[in-house]
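Trainee: Sequence:
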Amino acid sequence: MSGTGAPTPPPPDDSPTGLQSFAVLLRRMNGEFNRIAHEFADAQGLHLTDVQALIAILDAGADAAGEPMTPGRLRKRLNLTSGAVTACLDRLEKAGHVRRVRAADDRRVVHLHYEETARGVAREYFRPLARGTEAARSRFTAEELGVVTRFLTEMNRELSRLR
0 MSGTGAPTPP
10 PPDDSPTGLQ
20 SFAVLLRRMN
30 GEFNRIAHEF
40 ADAQGLHLTD
50 VQALIAILDA
60 GADAAGEPMT
70 PGRLRKRLNL
80 TSGAVTACLD
90 RLEKAGHVRR
100 VRAADDRRVV
110 HLHYEETARG
120 VAREYFRPLA
130 RGTEAARSRF
140 TAEELGVVTR
150 FLTEMNRELS
160 RLR
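Going letter by letter, the sequence shown gives residues 0 to 162 in numbering that gives the first Met the number 0.
Take these hints with a grain of salt, some might be off.
Think about it this way: if two alpha-carbon atoms lie no more than 16 Å apart in a straight line, the pair counts; the simulated EDC-like pairs of lysine to aspartate or glutamate are [claimed, not checked]: (1) LYS93 / GLU115; (2) LYS93 / GLU114; (3) LYS75 / ASP58.
FYI, nobody ran anything at the bench for these hints, they're computed from the structure.
Whenever a hint applies, use it, and build me the whole structure from the sequences.
Mentor: Right, dumping it as structure tokens:
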């Protein structure tokens with residue numbers, strides 16, 4: 000947005016900030032994240048879907064509701080069948096990554112928790128990514144990071160709408 004509050008016209012597609020350039024950069028970043036996720040899955044003897052489930056469980060407390068993930072929410076989030084979610088959770092539980100806990104106020108509800116030891120394994124594995132992220136962030140001002148955060152938030156919102 001410009002200083003007047005009116006939207007700025009979009010740059011031409013072939014400019015460094017045009018749609019084509021953004022698409023290429025987002026695909027490259029997504030490809031690198033996928034590569035890292037595949038490598039983590041292989042190192043842990045997991046399926047990629049298991050890693051996606053772990054991420055969803057980890058991030059559940061950070062979403063708007065701030066509630067633990069449930070198998071039903073996980074099914075919707077990953078677009079899986081109930082049977083596929085059950086198999087995924089069985090693998091993750093057996094490997095010591097998650098535990099199922101019945102809600103105290105409604106025993107029919109199951110909350111999914113990322114085990115602390117597994118969190119430590121992931122933290123150690125992804126430490127180089129965290130360092131790289133911090134190195135990249137350090138090259139921006141607080142104001143620029145605010146814009147980046149706003150863009151990523153809006154991009155995630157748009158991607159959620161496509162679901």
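Trainee: Could you run down the list of hints and mark each one as holding or not?
Mentor: Cross-check of the supplied hints:
no. : hint           : result
1   : LYS93 / GLU115 : holds, 15 Å
2   : LYS93 / GLU114 : holds, 12 Å
3   : LYS75 / ASP58  : holds, 15 Å
Comparing the model with each earlier hint shows no violations; every hint is respected.
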